[in-house]
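2 protein chains.
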Amino acid sequence: MSANTPAPAPGPLAPDELARMDAYWRAANYLSVGQIYLLDNPLLREPLRAGHVKPRLLGHWGTTPGLNFLYLHLNRIIRARDLDLIFIAGPGHGGPALTANTWLEGSYSELYPDVSADAEGMRRLFKQFSFPGGVGSHATPETPGSIHEGGELGYALSHAFGAVFDNPGLVACCVVGDGEAETGPLATAWHSNKFLNPATDGAVLPILHLNGYKIANPTLLARIPEAELESLLRGYGYAPRFVSGDDPALMHQAMAATLDAVFDEIAAIQAAARGGGAGARPPWPMIVLRSPKGWTGPKVVDGLPAEGTWRSHQVPLSGIHTNPEHLAQLEQWLAGYRPGELFDAEGRLRPELAALAPAGARRMGANPQANGGLLLRKLRLPDFRDHAVEVTVPGAAEAESTRVLGGWLREVMRRNLESRNFRVMGPDETASNRLGALFEVTGRSWMAERLPGDDHLAADGRVMEILSEHTCQGWLEGYLLTGRHGFFSCYEAFIHIVDSMFNQHAKWLKVSKEVPWRRPIASLTYLLTSHVWRQDHNGFSHQDPGFIDLVVNKKADTIRVYLPPDANCLLYVADRCLRSRDFINVIVAGKQPEPQWLSMEAAINHCSAGIGIWEWASSDRGGEPDVVLAAAGDVPTLEVLAAAQLLREHLPELRVRVVNVVDLMTLQPREEHPSGLTDRDFDSLFTTDRPILFAYHGYPWLIHRLTYRRTNHRNLHVRGYKEEGTTTTPFDMVVRNDLDRFHLVGDVIDRVPGLGVRAAYVKQLMRDKRTGHREYIARHGEDLPEVRNWRWGETP
Amino acid sequence: MSANTPAPAPGPLAPDELARMDAYWRAANYLSVGQIYLLDNPLLREPLRAGHVKPRLLGHWGTTPGLNFLYLHLNRIIRARDLDLIFIAGPGHGGPALTANTWLEGSYSELYPDVSADAEGMRRLFKQFSFPGGVGSHATPETPGSIHEGGELGYALSHAFGAVFDNPGLVACCVVGDGEAETGPLATAWHSNKFLNPATDGAVLPILHLNGYKIANPTLLARIPEAELESLLRGYGYAPRFVSGDDPALMHQAMAATLDAVFDEIAAIQAAARGGGAGARPPWPMIVLRSPKGWTGPKVVDGLPAEGTWRSHQVPLSGIHTNPEHLAQLEQWLAGYRPGELFDAEGRLRPELAALAPAGARRMGANPQANGGLLLRKLRLPDFRDHAVEVTVPGAAEAESTRVLGGWLREVMRRNLESRNFRVMGPDETASNRLGALFEVTGRSWMAERLPGDDHLAADGRVMEILSEHTCQGWLEGYLLTGRHGFFSCYEAFIHIVDSMFNQHAKWLKVSKEVPWRRPIASLTYLLTSHVWRQDHNGFSHQDPGFIDLVVNKKADTIRVYLPPDANCLLYVADRCLRSRDFINVIVAGKQPEPQWLSMEAAINHCSAGIGIWEWASSDRGGEPDVVLAAAGDVPTLEVLAAAQLLREHLPELRVRVVNVVDLMTLQPREEHPSGLTDRDFDSLFTTDRPILFAYHGYPWLIHRLTYRRTNHRNLHVRGYKEEGTTTTPFDMVVRNDLDRFHLVGDVIDRVPGLGVRAAYVKQLMRDKRTGHREYIARHGEDLPEVRNWRWGETP
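Top to bottom, those sequences are chains L and B.
Numbered according to the numbering used here, the first sequence spans residues 3 to 798.
Numbered according to the numbering used here, the second sequence spans residues 3 to 798.
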């Protein structure tokens, strides 16, 4: 059985070290199997009975021994070279490996004293795994040393790269499972090496772990010729070394020798780059580990091969409670690791084995990088007021909101250049999204070839652009989780590409907050721009405001959504987001020239409340209105104001209240979201009985979903994007979705009772204007100047 | 200027053919520039004035001349070899290239007679592009020959492979832009060649088009050494040929020679495989085309290089209306193509050029494969009643719903094996999702290496598994769009990975329905299983029922959502989905053993209505109830029935109505969705004034969003998944989210007025039971047998 003490084999490990290392590996494997199976009898001191075994057998054995093998060998190299190294387990469902190893190295019991480093602690360690009230089966936030849960596959490598950017002393060792390697996000994340600067960033050591099988299938990369695989990895820009086999002794020697060589290479690359060398992109070393799935597990179960096949993926012996043979096999399996040689009488790891783990913060389970909040330094934020657009009269000034923001972001970048803890991500859209001012102080990160005429490419650039939203998101998550700050700007429609990554990060944050030793990290802030209403170049495929709908499904204490109506509001909101911790912030703001409504002072007042009445646009003079016109979003705000102007002119007796919403979560009841208004405040803004016309940036029903419990919900009528669009003019877009000023006026007239004959005439007038505008657009291909140039106070 | 007639160059093209081909290319480029710029003066017969130019200049020139170049050369090879070939433009925002070429070949004017093949048609062709009321800027459904819009990047290759599966005579030529090549989905889609059987499938010819730049950045693959790129592509399993340069004559000869060689190779591979050869996976040929971005466009604009740089990405000359120099440059640019030599007096393409295009259905714009509904053959569907679970008394039988479905799917597969038009996709989860019966009649598609012990791998397998939801989705879309049928099973949480692909396909279907010549295609049907409530092995990261929320944002006539409560209902629903056209169907159903409620007859009645009262579970005896208990989803149905049973026992005087929802869209108003109930029917089910307790599978607020306009919405109270979960027992999961039977009974008691003291006692009893269950779970790690084994009619 492969769990026997290995025969000596040639290699860098002396026989004694080899024996101890193999024993340590057996200990980790023993603890892993124990977690999957045992409720009691942790040290196997009495014959194993079914009663010692959990009633429900859950977990993933298949990948676990390989993770244990790697963790062990990384321990050795950390000690040998005093490395600052974190471990990213792509196959995070090998969770037992990480809890086993952190328990062995002591970091687990430090954080969870009740799971002590003795027999009783071992019993608890076993019981809690995948047990109600216990710990999950993946490398969840509860897992010491983890920044990567590995539940949903695809993001291990981008997380690893994110962690080492601006962390020149750090190595992220990233195990990529051959299942995960088939995913798209992982397949492109290999190219992250074109963005890694060996002079100022740390190193990622990818270990592609070919154990050959997924749940039921072989893996692609294990079933192409090795030469083809090597070609692929060289094409990705790596110099792979292969460690293949199943004989533990040979494998220990091979892995030790390979790691020695690999870290020599990394050291040489870094020394060359840091000695002021050329700065060419080196072929980075990596390892391909080919080992059996379920290594050291049962070779045959029920007459079918188990070790080395997909049948080892989850729980190889699943019939413990009904099949005595399985029980016997389990006992034999556990006993094969010879726990008596590994743990002393109290159940503690024997000292000669414990000595194999690094000490203190060098232990991978205690590395502060993996609890980034510990290292977090506040950003030095410039005063956003200095970037204010001067707005003396509402609507008099015009600005591109994101361009104004870009000026402030440039200053954020400048002030934190020295501390190297702020990066901006965007899939090739930073300039397109009008944040180009950033390039006055930094460049675009780029380690691939450069040509004359390239625009702001730089090896030490702090703006990161790759045409992969997945990679941008993964980098940013890795960067934030290791205690830094960032900002992600994206076309609104295509942020859906990372929906599932958002979900996973939101889940990570939710659980992290429940883990007492996890310190808060900087929030993940999205700027969604080039939004649904202004896809002039691209049309329907680029129109989707539904990311917000996804976001609000997650826990209220984790998510924030802002729709600043102008540049000054955007500045305030962005500043708030960069100061916040443990949130996911979503900001939606346009990049096109638009009228500016609020002075900086007014913007601060408005945004700090998150919602409010715009008195200057209202005609209810502080009294009860006949109708409430509300808006959330820059384009809806424009249309609502134009509608208010039209009503003022055509129905001057109508008392109109204009409400603007910046913080979308104010609409939710206070009990549902901390930003939520009390019912009393909501009622005083929206009245309890007057019609409300709400113009919303996104899908209209979201507003209903947020407000259905409010008193006046029955009178709420929402206009928004109803999935009508194409390549057309900005005004035609709002017309197609009934969000335009003329339609809004008609909506008001339909809903306010007793307006009489004149109102019917006004409604017809609005219809005519609408038709006239559409005809003009169809003929001329652009909006009427009176729409394009409309200013508050003029007739729209 | 590069638009000059090329000097003769060595190669397969005779001088005359070369000259004509170059002229054809100039014609396509001329038409492309015309679409971006011209409102009038299409043949440049008078001096160009600003008034001839569109007021808003939109579109993407950069990629367009390269697409024109390729289309031209594919025309040649189609004619030379009578190929059945479709064109997939990964950079679909080069839309003008496709409209230009289909207009030149005549297919455009056949479908759009008003855009005739003459000067007036040319004027309309120009005007309509990116013009209000006109056509979009991408290869949208309006574009003849397109099955791939190319708005959101990443899916060109998986679409191409999907199109050629089971299409042995077809070649899909797929242009992959070097921007798109950076995305994750594209990066992994290269591996699709491990699933392509040269004997029974067609061929994909990938052309990686390196024009070097994205919006503002160089592209990665253009900035790695060519040897590294070649290594990458060989690692992906291709044999690349490079065509690089900017001299048209040399490039024409090089591309013609390369295509000759490539199609020889494809023919040889297919001949070998179809002659009963070995069946080893060949290295498939592919082409890397390296040509300047904005090739033949202005070389310098405003003193800065344009051709060959990112500045050619959209509209290189953007100041036409304000800058006379730009206007002059535009005229010079257009005139450089010498339209007088290309078009006759009526504006028709000269006959010697027109002869270069293939004829009839061989034209890429007229290939019926790209209008798959034309080729669609109905599936032969076995009677689902033959697979019914016998249910004599509600709840007496137990079954795994998806396993029952698997038996029916096996028969669907069997009956259509011969017509080879049905495939099942799943990211390595077909067996896990208990559809394994399929493997009794077919295998898993697999052209990579095989080993003894592999499970049902087969070169001609019709179940397609790769650990990439993106690839599964892309394959299936390509397969459906070319007139075939399919089924996609996926873990519920991870379907979010393809959120954005769903969005794009829904948009494609919405627009397709508005295009008169597009024939309906088979619906895309998802089975979401391994759902939120039963992630026993995986916990929180695998729990997300929010895909439905995304789906219902799309057009009502495109989407359907079903939550069958048991196996017989699932059978009915699946049959309906496979018969439907032009929808996206979402079915959510569990795979775990669960009680079965309805006989087949009852299931048919229930599901054909989509919603209904379960009389046998109700105690209102057809009269007015005191409370309505509603459920949507299998787990909620179980809890609601258990709650109804508890109420029957503990509060026998209470009249309870039990409503079950299968078709979620019945909840929406009829005006919003064709499945929606009328208000009258809704009121008669849910009453107008009694409390409703609704137990829902997903996020509870979705039910509010669907029903907020209903009369009795104010009395609606929804329980569902509120983002609480971990690795725990099934019953603990419902308890954590307040969806459990005991909590539901408490909810009823809280909401039905006048129940008196006994009810308060019952509520306390429920609380105690709940606490007792949780304590049991925490102690024993499993649910109480009385919960696990509860049957309708017994005390829960």
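These are computed hints drawn from the structure, not numbers from a lab.
Since this is a predicted model, take the numbers as computed values, not measurements.
A couple of the hints might just be wrong.
When chains are identical, the list treats them as one kind, so a pair holds in a single copy or across two.
Unchecked claim - Heads up, simulated SDA-like pairs for lysine to any residue below, C-alpha to C-alpha not over 20 Å straight-line:
{"no.": "1", "residue 1": "Lys-380", "residue 2": "Ser-677"}
{"no.": "2", "residue 1": "Lys-724", "residue 2": "Asp-551"}
{"no.": "3", "residue 1": "Lys-771", "residue 2": "Asp-740"}
{"no.": "4", "residue 1": "Lys-380", "residue 2": "Arg-769"}
{"no.": "5", "residue 1": "Lys-129", "residue 2": "Trp-794"}
{"no.": "6", "residue 1": "Lys-301", "residue 2": "Ala-218"}
{"no.": "7", "residue 1": "Lys-196", "residue 2": "Ala-229"}
Right, here's what the structure says about each hint:
With identical chains, the CA atoms of Lys-380 and Ser-677 are never at most 20 Å apart, being 24 Å at best within one copy and 53 Å at best between copies. When the C-alpha separation of Lys-724 and Asp-551 is checked against a cutoff of 20 Å, the pair qualifies both within a copy, at 14 Å, and between copies, at 15 Å. Proximity of Lys-771 and Asp-740 under a CA criterion of 20 Å is satisfied intra-copy only: 14 Å inside one chain copy versus 53 Å between copies. In this homomeric assembly, Lys-380 and Arg-769 never come within 20 Å of each other (Cα to Cα): the closest approach is 54 Å inside a single copy and 46 Å across copies.
For the identical chains of this complex, Lys-129 and Trp-794 are neighbours neither inside a copy (67 Å) nor across copies (34 Å), given an alpha-carbon limit of 20 Å. In this assembly of identical chains, Lys-301 and Ala-218 lie within 20 Å of each other by CA distance solely inside one copy; the values are 17 Å within and 55 Å between copies. Taking the closest pair of Cα atoms, Lys-196 and Ala-229 come within 20 Å of each other only across two copies (16 Å); inside a single copy the shortest separation is 23 Å, beyond that limit.
This entry does not satisfy hints 1, 4 and 5, going by the numbered hints stated previously.
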